[in-house]
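Asks: Each protein sequence line maps, in turn, to chains A and B. Each residue of the first sequence is one higher than the one before, starting from 1 at the first, in our numbering. Each residue of the second sequence is one higher than the one before, starting from 1 at the first, in our numbering.
Derived by calculation from the structure, the hints in this document are not laboratory data. All C-beta atoms, glycine included, are put in the ideal place defined by N, C-alpha and C. Do not take every clue at face value.
One-sided excerpt, in silico: chain A residues whose CB lies under 8 Å from chain B [as the list claims (entries may be wrong)]:
{"id": "1", "residue": "L41"}
{"id": "2", "residue": "G44"}
{"id": "3", "residue": "I134"}
{"id": "4", "residue": "A135"}
{"id": "5", "residue": "G136"}
{"id": "6", "residue": "A139"}
{"id": "7", "residue": "A185"}
{"id": "8", "residue": "E186"}
{"id": "9", "residue": "V188"}
{"id": "10", "residue": "A189"}
{"id": "11", "residue": "A205"}
{"id": "12", "residue": "L242"}
{"id": "13", "residue": "F262"}
Okay, the calculated bits of chain A under chain B, using three or more residues with CB under 8 Å as the criterion [what the hints assert, rightly or not]:
{"id": "14", "segment": "10 to 22"}
{"id": "15", "segment": "78 to 86"}
{"id": "16", "segment": "113 to 121"}
{"id": "17", "segment": "217 to 231"}
{"id": "18", "segment": "270 to 276"}
Here's the letter readout for the chains.
2 protein chains.
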Amino acid sequence: MRIGFIGVGTMGEPMAASLLKAGHSVAVLAHRNRAPVERLLAQGASETTAAAALAAQVELLFTCLPNDAAVEQVLTGPEGVLAGAERPTGQPSLVIVDCSTIAPATSQRLAEQARARGAELLDAPISGGQAGAIAGTLAVMVGGSPAAYQRALPALQAVGRSITHVGPNGAALAVKLGNNLVVAAELVAIAEALALAKASGVDTAVAQRIMAASTARSYILNERVPGTMLTGNLAPAFRLELLRKDLGLALEHGMALGVPMFATAEVHQLYTQAQGLGKGALDSTAIVQLYEEALGQSLATAADADDADQPDA
Amino acid sequence: MRIGFIGVGTMGEPMAASLLKAGHSVAVLAHRNRAPVERLLAQGASETTAAAALAAQVELLFTCLPNDAAVEQVLTGPEGVLAGAERPTGQPSLVIVDCSTIAPATSQRLAEQARARGAELLDAPISGGQAGAIAGTLAVMVGGSPAAYQRALPALQAVGRSITHVGPNGAALAVKLGNNLVVAAELVAIAEALALAKASGVDTAVAQRIMAASTARSYILNERVPGTMLTGNLAPAFRLELLRKDLGLALEHGMALGVPMFATAEVHQLYTQAQGLGKGALDSTAIVQLYEEALGQSLATAADADDADQPDA
Numbered sequence: 001m002r003i004g005f006i007g008v009g010t011m012g013e014p015m016a017a018s019l020l021k022a023g024h025s026v027a028v029l030a031h032r033n034r035a036p037v038e039r040l041l042a043q044g045a046s047e048t049t050a051a052a053a054l055a056a057q058v059e060l061l062f063t064c065l066p067n068d069a070a071v072e073q074v075l076t077g078p079e080g081v082l083a084g085a086e087r088p089t090g091q092p093s094l095v096i097v098d099c100s101t102i103a104p105a106t107s108q109r110l111a112e113q114a115r116a117r118g119a120e121l122l123d124a125p126i127s128g129g130q131a132g133a134i135a136g137t138l139a140v141m142v143g144g145s146p147a148a149y150q151r152a153l154p155a156l157q158a159v160g161r162s163i164t165h166v167g168p169n170g171a172a173l174a175v176k177l178g179n180n181l182v183v184a185a186e187l188v189a190i191a192e193a194l195a196l197a198k199a200s201g202v203d204t205a206v207a208q209r210i211m212a213a214s215t216a217r218s219y220i221l222n223e224r225v226p227g228t229m230l231t232g233n234l235a236p237a238f239r240l241e242l243l244r245k246d247l248g249l250a251l252e253h254g255m256a257l258g259v260p261m262f263a264t265a266e267v268h269q270l271y272t273q274a275q276g277l278g279k280g281a282l283d284s285t286a287i288v289q290l291y292e293e294a295l296g297q298s299l300a301t302a303a304d305a306d307d308a309d310q311p312d313a
Numbered sequence: 001m002r003i004g005f006i007g008v009g010t011m012g013e014p015m016a017a018s019l020l021k022a023g024h025s026v027a028v029l030a031h032r033n034r035a036p037v038e039r040l041l042a043q044g045a046s047e048t049t050a051a052a053a054l055a056a057q058v059e060l061l062f063t064c065l066p067n068d069a070a071v072e073q074v075l076t077g078p079e080g081v082l083a084g085a086e087r088p089t090g091q092p093s094l095v096i097v098d099c100s101t102i103a104p105a106t107s108q109r110l111a112e113q114a115r116a117r118g119a120e121l122l123d124a125p126i127s128g129g130q131a132g133a134i135a136g137t138l139a140v141m142v143g144g145s146p147a148a149y150q151r152a153l154p155a156l157q158a159v160g161r162s163i164t165h166v167g168p169n170g171a172a173l174a175v176k177l178g179n180n181l182v183v184a185a186e187l188v189a190i191a192e193a194l195a196l197a198k199a200s201g202v203d204t205a206v207a208q209r210i211m212a213a214s215t216a217r218s219y220i221l222n223e224r225v226p227g228t229m230l231t232g233n234l235a236p237a238f239r240l241e242l243l244r245k246d247l248g249l250a251l252e253h254g255m256a257l258g259v260p261m262f263a264t265a266e267v268h269q270l271y272t273q274a275q276g277l278g279k280g281a282l283d284s285t286a287i288v289q290l291y292e293e294a295l296g297q298s299l300a301t302a303a304d305a306d307d308a309d310q311p312d313a
């Protein structure tokens, strides 16, 4: 299939490489950051300098961009994708596959604008990180018309292992935001549980080990907390400012739909506070610092955590 | 070992049975509810009519009671455990193993009162449910002196599979409350994520399936939500009013120690609201009804959830 790709960053570059590997013809949009473009050209991609011209020559167009404004501009700008989206009668319409995490409402509005030009837009947020993108094992949730989904499916199967059609436009973004609000609430609740344990004279590694074997167990508690909150190593795997952005999008979406968002609102406020205190570029687990600063002590495990406190039986 | 047991209810009866099976001599306190007492007598237990007399004849005494007031009364009442706790010089002191989930501060105060009579008290909250108690596979967290812990260990190994000495008096209760506050925050956040999905036109079973394979995965989301929130079957496995009680204990404990409890406070308010609306005897997952009532629709999965929305790849 002739496929265009806009946004060959951390996630986009390995996804475009997977499409090439699967035998698709891939054209990428030119970009000031030459390195990823040059690497893809070496793997057989072609390059085009305007989004409208790129859209005119492909059947399927991926966008993989950081935020609402970037997606809006690349689609609706004067030389943007939609300016090259119209097709002569009888020719199949352009399908735009937007992998960015943006507001469901923005995606729905852009889908309307695409339809006005005879094109279709799918929201297709991805989960699995850069490692998943490189391995071609991403989970992709897709919102939009079943017909557009079927046309995009062969390409999606080249970048991901689990592809799910979730519902109409914006539906996949709603699920992605729901996933991330649950993650954020877990991080806050775990920080409170560890702070309560520490203030009660319990080593946080002991508390984590017990909870990780009990009903509080989760991916976040069992796999993310030990290497972050318990060590004090808060180098970013997923930046705090990105999780805060997603919480804001979830909150706005819930407000628009009349969904009460008690936990989401509270957790968004805490992440906003943490970002205001300069922690935006740290890992999202750095929310624990709000509690550490209030307690005046670290919640990283004590040096002697591995001695006598192992389970005896 | 000569062991006493007070509170042979849902959890206590199978625990006392495990102690008998392991060859310990078990004396139970008489109780108006004859059935569990008679069953234990048939397995070789003896019966005593006053807590003080029971305490006088054993080395180790388990209490397994519903709340702070019940534990306080059975220990410090006129014919209570502490009235029979003193030992002649040279004889080993009485060790009280309290498996109830109560306030850490109450447990610490009772431990002081026990010490004043020459006895020791351990807080030993349990995790694993009635099935774990019957199978003898409970997880037991223990707070209190290392010496008392060592004396109780052989008996604890007869009732549980994972026994952990967590720290000083009240420490084990702090970890248990931390575990349960994380569980409650997850239930609230999951209800918000499912409500957001539903309001966006996504079947909640599809949303659950995607999140259960992504970073929001947890025991609660993957193993508790499908049979409860997604079916509308809210028959109690763990009653909402008990989780609300634990949230209140966690909040009070955090307040006393100067620990910020943003999520715990919010979630406690939501559980208080749900209990006020008459949901206390339902399962703790019934918190989802607050969201269903606000949306005016059920979040149980649609009848047609199993058709075309399975992952395609």
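Asks: All hints, please: hold or fail.
Replies: Hints, one by one, checked against the model:
1. L41: Not OK, violated: A:L41 not within 8 Å of chain B, min 28 Å.
2. G44: At about 24 Å, which exceeds the 8 Å cut-off, the nearest Cβ of chain B leaves the hint on A:G44 violated.
3. I134: 18 Å, violated
4. A135: Interface hint status for A:A135: violated (14 Å vs cutoff 8 Å).
5. G136: At about 11 Å, which exceeds the 8 Å cut-off, the nearest Cβ of chain B leaves the hint on A:G136 violated.
6. A139: Holds. Min distance 6 Å.
7. A185: 4 Å, holds
8. E186: 6 Å, holds
9. V188: This hint holds: A:V188 lies near chain B, its Cβ roughly 5 Å from the closest one there, short of 8 Å.
10. A189: 4 Å, holds
11. A205: 11 Å, violated
12. L242: A:L242 check fails; min Cβ-Cβ to chain B is 13 Å, beyond 8 Å.
13. F262: With a closest approach of 6 Å, the A:F262 hint holds.
14. 10 to 22: Result for this restraint: violated, n = 0.
15. 78 to 86: violated (count 0)
16. 113 to 121: violated (count 0)
17. 217 to 231: That given contact holds, which follows from 5 residues of the segment 217 to 231 of chain A lying within Cβ reach (below 8 Å) of chain B.
18. 270 to 276: violated (count 1)
In this structure, the earlier hints numbered 1, 2, 3, 4, 5, 11, 12, 14, 15, 16 and 18 are contradicted, and the remaining ones agree with it.
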